[in-house]
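Dock chain E against chain G, hints included.
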Amino acid sequence: MLTNKQNLDALDKFSENLEIEGRSLWQDARIRFMRNKAAMVSLVILVLITLSVIFVPMLSEFAFDDTDWYALHEAPSAVHLFGTDSLGRDLFVRTFIGGRISLMVGVLGALVAVVIGTVYGATSGFIGGKTDRAMMRILEILYSIPFMFLVIVLVTFFGRNIILIFVAIGAIAWLDMARIVRGQTLSLRSKEFIEAAHVSGVSKWNIIRRHIIPNVLGIVAVYSTLLVPSMILTESFLSFLGLGVQEPMTSWGALLQEGAQTMEVAIWQLSFPAAFMVITLFCFNYIGDGLRDALDPKDR
Amino acid sequence: MFKFILKRVLEAIPTMLILITVSFFLMRFAPGSPFSSERTLPPQVMENINAKYGLDKPVLEQYTTYLTNVIQGDLGPSFKYKDFTVNELVSAALPVSAKIGSVAFVFAVVFGVAVGTIAALRQNTWLDYSVMSTAMLGIVMPSFVLAPVLIYIFSINLGWFPAGGWLDGSIQYMVLPVLGMSMLYVATFARITRGSMIEVLNSNFIRTARSKGLSYSYIVLRHALKPAMLPVVSYMGPAFVGIITGSVVIETIFGLPGIGKLFVNAAFNRDYSLVMGVTILIGFLFIVFNAIVDILLAYVDPKIRY
Numbered sequence: 001m002l003t004n005k006q007n008l009d010a011l012d013k014f015s016e017n018l019e020i021e022g023r024s025l026w027q028d029a030r031i032r033f034m035r036n037k038a039a040m041v042s043l044v045i046l047v048l049i050t051l052s053v054i055f056v057p058m059l060s061e062f063a064f065d066d067t068d069w070y071a072l073h074e075a076p077s078a079v080h081l082f083g084t085d086s087l088g089r090d091l092f093v094r095t096f097i098g099g100r101i102s103l104m105v106g107v108l109g110a111l112v113a114v115v116i117g118t119v120y121g122a123t124s125g126f127i128g129g130k131t132d133r134a135m136m137r138i139l140e141i142l143y144s145i146p147f148m149f150l151v152i153v154l155v156t157f158f159g160r161n162i163i164l165i166f167v168a169i170g171a172i173a174w175l176d177m178a179r180i181v182r183g184q185t186l187s188l189r190s191k192e193f194i195e196a197a198h199v200s201g202v203s204k205w206n207i208i209r210r211h212i213i214p215n216v217l218g219i220v221a222v223y224s225t226l227l228v229p230s231m232i233l234t235e236s237f238l239s240f241l242g243l244g245v246q247e248p249m250t251s252w253g254a255l256l257q258e259g260a261q262t263m264e265v266a267i268w269q270l271s272f273p274a275a276f277m278v279i280t281l282f283c284f285n286y287i288g289d290g291l292r293d294a295l296d297p298k299d300r
Numbered sequence: 001m002f003k004f005i006l007k008r009v010l011e012a013i014p015t016m017l018i019l020i021t022v023s024f025f026l027m028r029f030a031p032g033s034p035f036s037s038e039r040t041l042p043p044q045v046m047e048n049i050n051a052k053y054g055l056d057k058p059v060l061e062q063y064t065t066y067l068t069n070v071i072q073g074d075l076g077p078s079f080k081y082k083d084f085t086v087n088e089l090v091s092a093a094l095p096v097s098a099k100i101g102s103v104a105f106v107f108a109v110v111f112g113v114a115v116g117t118i119a120a121l122r123q124n125t126w127l128d129y130s131v132m133s134t135a136m137l138g139i140v141m142p143s144f145v146l147a148p149v150l151i152y153i154f155s156i157n158l159g160w161f162p163a164g165g166w167l168d169g170s171i172q173y174m175v176l177p178v179l180g181m182s183m184l185y186v187a188t189f190a191r192i193t194r195g196s197m198i199e200v201l202n203s204n205f206i207r208t209a210r211s212k213g214l215s216y217s218y219i220v221l222r223h224a225l226k227p228a229m230l231p232v233v234s235y236m237g238p239a240f241v242g243i244i245t246g247s248v249v250i251e252t253i254f255g256l257p258g259i260g261k262l263f264v265n266a267a268f269n270r271d272y273s274l275v276m277g278v279t280i281l282i283g284f285l286f287i288v289f290n291a292i293v294d295i296l297l298a299y300v301d302p303k304i305r306y
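Chains G and E supply the protein sequences, listed in that same order.
In this text, residue positions in the first sequence follow our numbering: the first is 1, and each later residue adds one.
In this text, residue positions in the second sequence follow our numbering: the first is 1, and each later residue adds one.
Hints in this document: simulated from the structure, not taken from any laboratory.
Every value quoted in this text rests on a predicted model; they were computed, and no experiment measured them.
Watch out, some of these pointers could steer you wrong.
Rough simulated footprint, nothing fancy, chain E against chain G, three-plus residues with beta-carbon under 8 Å [what the hints assert, rightly or not]:
1) 133-146
2) 229-243
3) 249-260
4) 263-276
For lysine-lysine, the following DSS-like pairs were computed, each having C-alpha atoms within a straight-line distance of at most 25 Å [claimed, not checked]:
5) Lys52(E) / Lys80(E)
6) Lys204(G) / Lys191(G)
7) Lys3(E) / Lys130(G)
8) Lys82(E) / Lys57(E)
9) Lys130(G) / Lys7(E)
10) Lys82(E) / Lys52(E)
Among chain G residues calculated to face chain E with C-beta under 10 Å, some are [claimed, not checked]:
11) Phe64
12) Val153
13) Ile279
14) Asp289
Just so it is clear, CB atoms sit at the ideal spot from N, CA and C, and this is done for glycine as well.
Looking at chain G on its own, in the form it has when it is part of the complex (with noise of 0.2 Å):
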C-alpha cells in the first residue's frame, strides 16, 4: 500500500516540505514570541524605558541632587514635568535616575541568582544520588530561613551600600532558580531521546551542548525575566523602609516612600514613580509569560 507511486510521491513531496519548513528550536520559539501582541508590546515599551533611564539624565538641565529652594513641592509645570520633591528637586531626572538603580539593581540580582541557582541545580540534578540528596537538603534548610530578615540584619548593621543589597538580595532568590534546574536537568537525563542520542554514538559533550543545555536555557531565560521584577520589587521593599539606596541617590522605592508620606499635599510625587515602576513591571511579566509560552516543550 505504501509503495504505490501516488504515495511515494507524497511521501517526497511531504519530506521536501518539511526539510523547507524546518526551523530550529530558536528560530520556532522567536516566530511565537513574535506573534504575542502583549509581550511584543511590552519588549518595545521597556527598551524604551531603558534608553531613557540611560540617556534622560544626561541630556536634562536639571541634575539628580540639585535643590531649588524656590520651588518646592511644585506641581507638575512645563520646567518641572512631573513636578519637584520636598527639597526642590527636579523629579523628572529623579524618576529616571531612581529607575537606573532599580533596573540596574533588578538585573545584577537576577544575574546573581540566576549564576548561583543554575550552576548549583545542575550539579545537583547530574551527579544525582547522594550528592543530589544531600544539596537538596541544604536547599531545603535554606528555604525555612527568614531571609528578608536577615538582610534587614545584613543592611542595618554593616552599611547600606548597593553593592551588598544586590547580592544579598541575588543570593535569596537562587533557591527557587536551583530547584527549578534541578528538576529539568534530572527528568531531561532520562528522557528518550538522550538514549537514542547515546545510542547513536553521540559524544557526552555534544548531547550536553546540543541537547541539555537547549532545553535548560529555556526554562533559564524565562525564570531570568520573572526574576528581574521580582528583584526590583525586593529592591524597593528595603528602599521603602530606608535601607537601600542613600539620599541624594535614589530608586524607585525610595522615591515610592518619600512620595507615600506626602501623598495628601504632592500626589504627583507618588504617582510618576509609581506609574513607571508599574509598567516596568507589567513589561518583565509579559515578556516572562510570552518566552514561557514560546518556549515551552510541551507546546511544540
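What follows is chain E alone, placed relative to chain G:
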C-alpha cells in the same frame, strides 16, 4: 501518615538550630553596639552593663547559654526597652500580626481560588480576560504602592476607613491593611487556580465523568477541585512567608503595633536580643507552616505519601 508527620517534624530540628546559630553569630560580629550612645559611658559602667547581659563571657559560652534559654522558650531581656523581656514585647505584638495576617491569608486563598475557578470555567471570555488582567495588576502592584493608594482613595478622599492605627483590632481599622497585604496573593492564587483548573478540566477522568452524564457543577466541585488544588496548596507556604515579610511594610505604613514594626524598630535601634528573638520566632513559624503545608499536600496527593 503518622510516620510522615513524625519525619517532617524531626527534619525541622536541624533547620531551627542552624537558624539560631546564624542569627546569633551575625549579631555578635555586627559592628556597633546597642549601648554605644552619643554620650560615652565610663568604662566601669560599660563593664557592669556587659556583665548584666553576659556579654563579658567568652562567645562560645554566651552561645550555649542563649541556646539553652531559647530551647526553654526564653528569648532573654531586651537591650533597648530595659524593663521588658523579649518574650513580653513579642507576645504583645504577635496577636496584632497574627490577626491581620490570618485574615489576609484566608481572604487570599478563598477569594483567589473562587475567582480563579470562575475564570477557568469561563475560559477565553471577557470575564476571564478582565479578571486575569486585574490579577496581573495585583501582581505588579507592590503593597507599598497599593497601601498608600488605598489610603488616598478610601481614607483621604472618601473617608470610609481610618488611615492608620489599630484600636484593639476593630473591623474598620483592619480593612485597609488586610486589603493591602492580600491583593498580591489573591492575584497569585487566582492565576495558579485558573491554570491548574484548566489543565484538570481537560483531563480524561473529567471527560469520563461528563460522559456519564453528571452535572457540570457536580463535576467541578466533586472531581476537579481537589486535584486542581495541588499547586494552590504548594503555593500556600511561599504565600505565608510573603504575608509575614510583607507585614513589615504594611505595619509601618498603617502604624500597627505588630511583629513587623517591632522588628524594623529593633533593627534600627540595634536591639540585638530583640532582633534575634523575632528572627527565630519567624523562622519557627515558617518551619511549622511549611510542615503543615507538606502534610496537607500529602493529604491531597496520595503520591507523596507513598
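Inset, instruction - If any of the earlier hints don't hold here, list their numbers in rising order. - result: Number 11 - this is the single hint that the structure violates.
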